[in-house]
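Peer 1: Below are the chains, spelled out letter by letter.
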Amino acid sequence: MTPILRAERLSKHWGEFRANDGVSLELAQGARHALIGPNGAGKTTFVNLLTGFYAPTSGHVFLGNERVTSLPQHERVARGMTRTFQINTLFTGLNVLESVLLVICQRRGLGGCWYRKLQALKEEQREAWELLDRLRLGDEALTITRNLPYGKQRLLELGLALATRPRILVLDEPASGIPAAESREMFEVIAALPRSVTLLFIEHDMDLVFRFAERISVLVGGRVLMEGTPEEVAKDARVRAVYLGSAVE
Amino acid sequence: MASFLGIVFDGVAYGSLLFLISVGLSVTMGLMKIVNLAHGVFAMFGGYLCVTLMARWGVPFLAALPLCFAALGLAGAVSERLLYRHLYSRSQLDQVLFTIGLTFMAVAAATYYFGPTEQLVELPPALRGQVSVLGLELGAYRLFLVALVVLLTVALGYLVERTRFGAQLRAAVDNPSVSAGLGIPVERVFCLTFALGSGLAGLGGALGIDVLGLDPTFAFKYLVYFLLVVAVGGAGSVSGTALGALVLGVFDVAGKYYLPEAGAFIIYALMIAVLMASPAGLRGRRL
Amino acid sequence: MNGSWRVRLEAAFWLLPCAAYFVFPDYLVLGSQVLTAALFVVSLDLILGYAGIVSLGHAAFFGIGAYTAGLLAVYGWGEPVTGLILAGALAASVGYATSFLVVGGEGLTRLMVTLGIGFLFHEAANQASSITGGMDGLSGVSMWKLLGLWRFDLSGKTAYVYSAVVLFLVFLLARRLVASPFGLSLQAIRENERRMPAIGAPVQRRLVSIYTLSAALAGIAGALTSQTTEFVGLESLSFERSASALIMLVLGGTGRLYGALVGTCMFMLLQHVFSDINPAYWQFWLGLLVALIAFFAPGGVLGSTTRWLDAMSFRFRRGSGGPA
Chain A
0 MTPILRAERL
10 SKHWGEFRAN
20 DGVSLELAQG
30 ARHALIGPNG
40 AGKTTFVNLL
50 TGFYAPTSGH
60 VFLGNERVTS
70 LPQHERVARG
80 MTRTFQINTL
90 FTGLNVLESV
100 LLVICQRRGL
110 GGCWYRKLQA
120 LKEEQREAWE
130 LLDRLRLGDE
140 ALTITRNLPY
150 GKQRLLELGL
160 ALATRPRILV
170 LDEPASGIPA
180 AESREMFEVI
190 AALPRSVTLL
200 FIEHDMDLVF
210 RFAERISVLV
220 GGRVLMEGTP
230 EEVAKDARVR
240 AVYLGSAVE
Chain B
0 MASFLGIVFD
10 GVAYGSLLFL
20 ISVGLSVTMG
30 LMKIVNLAHG
40 VFAMFGGYLC
50 VTLMARWGVP
60 FLAALPLCFA
70 ALGLAGAVSE
80 RLLYRHLYSR
90 SQLDQVLFTI
100 GLTFMAVAAA
110 TYYFGPTEQL
120 VELPPALRGQ
130 VSVLGLELGA
140 YRLFLVALVV
150 LLTVALGYLV
160 ERTRFGAQLR
170 AAVDNPSVSA
180 GLGIPVERVF
190 CLTFALGSGL
200 AGLGGALGID
210 VLGLDPTFAF
220 KYLVYFLLVV
230 AVGGAGSVSG
240 TALGALVLGV
250 FDVAGKYYLP
260 EAGAFIIYAL
270 MIAVLMASPA
280 GLRGRRL
Chain C
0 MNGSWRVRLE
10 AAFWLLPCAA
20 YFVFPDYLVL
30 GSQVLTAALF
40 VVSLDLILGY
50 AGIVSLGHAA
60 FFGIGAYTAG
70 LLAVYGWGEP
80 VTGLILAGAL
90 AASVGYATSF
100 LVVGGEGLTR
110 LMVTLGIGFL
120 FHEAANQASS
130 ITGGMDGLSG
140 VSMWKLLGLW
150 RFDLSGKTAY
160 VYSAVVLFLV
170 FLLARRLVAS
180 PFGLSLQAIR
190 ENERRMPAIG
200 APVQRRLVSI
210 YTLSAALAGI
220 AGALTSQTTE
230 FVGLESLSFE
240 RSASALIMLV
250 LGGTGRLYGA
260 LVGTCMFMLL
270 QHVFSDINPA
280 YWQFWLGLLV
290 ALIAFFAPGG
300 VLGSTTRWLD
310 AMSFRFRRGS
320 GGPA
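Protein chains in written order, with numbering that gives the first Met the number 0: chain A, 0 to 248; chain B, 0 to 286; chain C, 0 to 323.
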């Protein structure tokens, strides 16, 4: 079975500094894969390379059988790979409904359509409301994004990605900045995603990682230290030394 | 028929003046990330102050120059404290509008107090006429200009590279939040930098009366040149500003001489070409 | 704000220029100037208020349109409507060509490029004085009858109606556009350009489109001006024209389309009244007004006083398309 997403020895060098050095990863369809590592390990850089935000110094990215290394970001989204940002990257002046509707229209090929009124797009509106209800953002639909509380903004961050109906969803610390109780809620939304969506997520909260991940890659200093099941990772001495410390039982 | 070297020299003199005025703009744009379209106002008032000192109080030209530097430096510090520091977090549009508004006010005030006509300055006899240098006949005043600017540039370089203030400035340009976290008094650095830049602009304006002319439209007329220099050289870089000013000065003077039909066309096209090749300018973000 | 109320308010607004035709028959020439300026400011709102591109050189396209229409008339083709269309088309082509320079950069670079383009065309027109008339400008722009029926007379009646109709039609187009998915995507680019590729939207393509359209409309505004005043001067390409359009837009409020209209009216009327008294006074108080607005009231007239009168953004009600 061809992996749905494959990174082949991706490297990103800035002069002497190697943010990523030969990082490889494979995701099977329906995988729940976590990427962990200390701060500065290069996890976000890796996501940026996968999604086309950065061009790699060397290495390749494959979506299925297609090599997408030189494909621009928006075309990778069209092929089914969407990412979220660790820091909320939202349309601060638009309201929640407009933000989601925007993405839905884009996905349906209406993003560049100048002559149809948004008001008249009933199908798209219906889909938007459904998504907002699923995220429990229905009550805030008409609230301007910058006026939303942080936790709701984080949900919207996820919502924008979900609205693209991705086959591969790459999440960069989805629960960052949210207190424990609310982050469980967020991850429940994520866990409720069907197997038709493959998940790769960066996360620091080990509780969440071990609860939701089926495979884990550990990134240290721009390189993959190891990859395996949660049990294998928890037992590995190198991982414990470098990252988890002795706090894990 | 002026020789090629003579023209290049004229371009260098012109460029030195542009550098003097624009260096403050470049550093504040790179440091505070603020678009200051009112920068030409400081240069303009430097010129007007010089004229007033000489005409009203009989201050000799060479003595008036440091006074212009000091006065406009002070004006810069006051402006930064009262006005500009509130703009750092505002959108580019707000900054553009505010500084355009300031420029309108300044130009109107200048028209009201000094009248719309060109101001003339009487240069000290030592600086008039030609001087023979290596077989070339060069304007004495322009020679003085270049020499003075070179001196000031060396002093600036020393300030930036060798003093504590310079180190703080470089750090703040590179990364203001980290610098603040390290205990660098970023606010004070901003204020002093703005003051220094405005003072140099004022000095440049005074020096430029003879070369660039001085009337109330100065602030707008030359603004585009200053912005050009900053854009081409790279905001935040002293060496870049020097490079940009020299390139633009020489190309403008040479262009107008050899290709008069093209006129100022050349420098605008040059700017666009440079920006396309290197969006941050020739030496963006490196002091 | 309720849909039907909004439409009624808009209709009432458009009755004003109609009423002005009858109530101020001696001021129709000024009226035409206000209308053509408003068209230019609407074109600026599309790129600045909606897409977030701050341009200090938009007058380049205004001037290109003005000189195109003017030169056509001077060299024998005085038909107004075709002249208008050709001017718009040429301005659009130049807009398209330069859009890549503008859209490619970001922040300060973008601003500088727009400034550079503006000065470039101004200088080009200045140098090509054998064609453009240089500092003296291009006179002898005499137009044929509008649609073969109405002569452009000294009272300015034909010019006024012509300008009003063109403005109205362009405004309808703009209004439709900003209420479309494309319009929403422009606003999203303005709000967060970085996020757009991550949701699958091709930013450069969108910006090039709106910049080209905006250039076309600016060109039409320029052509309209030269056709109705029968003169084209270098100031149509000047930094002053770009800057004053910017001021008019901000005065009324960016990103609202109606802000462009309100701001233009206010500015031009104030200018008409005050700049005759003493140009320096006008410049000073204008500068102060602009500085104050930038500092305290960035939403302009419409933003500050009527926060809920948001004519161009829609508000959905749950029942109109959501689940039952």
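It is possible that some hints are incorrect.
To be verified - Here's a subset of chain C near chain A, in silico, CB distances under 8 Å, partners left out:
#1 Ala19
#2 Val22
#3 Asp25
#4 Tyr26
#5 Leu29
#6 Ser179
#7 Gln186
#8 Ala187
#9 Pro196
#10 Ala197
#11 Arg205
As the list claims (entries may be wrong) - Chain B is nowhere near these chain C residues, computed Cβ spacing over 10 Å in every case:
#12 Arg5
#13 Tyr95
#14 Thr108
#15 Gly136
#16 Arg150
#17 Lys156
#18 Asn191
#19 Arg193
#20 Pro201
#21 Thr211
#22 Phe238
#23 Leu245
#24 Tyr280
#25 Phe283
#26 Leu288
#27 Ala290
None of these hints come from the bench; they were simulated from the model.
Glycine residues also receive a C-beta, built at the ideal position from the N, C-alpha and C atoms.
Peer 1: All hints are to be evaluated individually against the structure, with a verdict given for each.
Peer 2: A quick look at each hint next to the structure:
no.: 1; hint: Ala19; verdict: violated (30 Å)
no.: 2; hint: Val22; verdict: violated (34 Å)
no.: 3; hint: Asp25; verdict: violated (40 Å)
no.: 4; hint: Tyr26; verdict: violated (36 Å)
no.: 5; hint: Leu29; verdict: violated (34 Å)
no.: 6; hint: Ser179; verdict: holds (5 Å)
no.: 7; hint: Gln186; verdict: holds (6 Å)
no.: 8; hint: Ala187; verdict: holds (5 Å)
no.: 9; hint: Pro196; verdict: holds (4 Å)
no.: 10; hint: Ala197; verdict: holds (6 Å)
no.: 11; hint: Arg205; verdict: holds (7 Å)
no.: 12; hint: Arg5; verdict: holds (27 Å)
no.: 13; hint: Tyr95; verdict: holds (16 Å)
no.: 14; hint: Thr108; verdict: violated (5 Å)
no.: 15; hint: Gly136; verdict: holds (18 Å)
no.: 16; hint: Arg150; verdict: holds (40 Å)
no.: 17; hint: Lys156; verdict: holds (35 Å)
no.: 18; hint: Asn191; verdict: holds (13 Å)
no.: 19; hint: Arg193; verdict: holds (16 Å)
no.: 20; hint: Pro201; verdict: holds (20 Å)
no.: 21; hint: Thr211; verdict: holds (18 Å)
no.: 22; hint: Phe238; verdict: violated (7 Å)
no.: 23; hint: Leu245; verdict: violated (7 Å)
no.: 24; hint: Tyr280; verdict: violated (7 Å)
no.: 25; hint: Phe283; verdict: violated (4 Å)
no.: 26; hint: Leu288; verdict: violated (7 Å)
no.: 27; hint: Ala290; verdict: violated (3 Å)
Violation of the numbered hints given earlier is confined to hints 1, 2, 3, 4, 5, 14, 22, 23, 24, 25, 26, 27; the remaining hints are satisfied by the structure.
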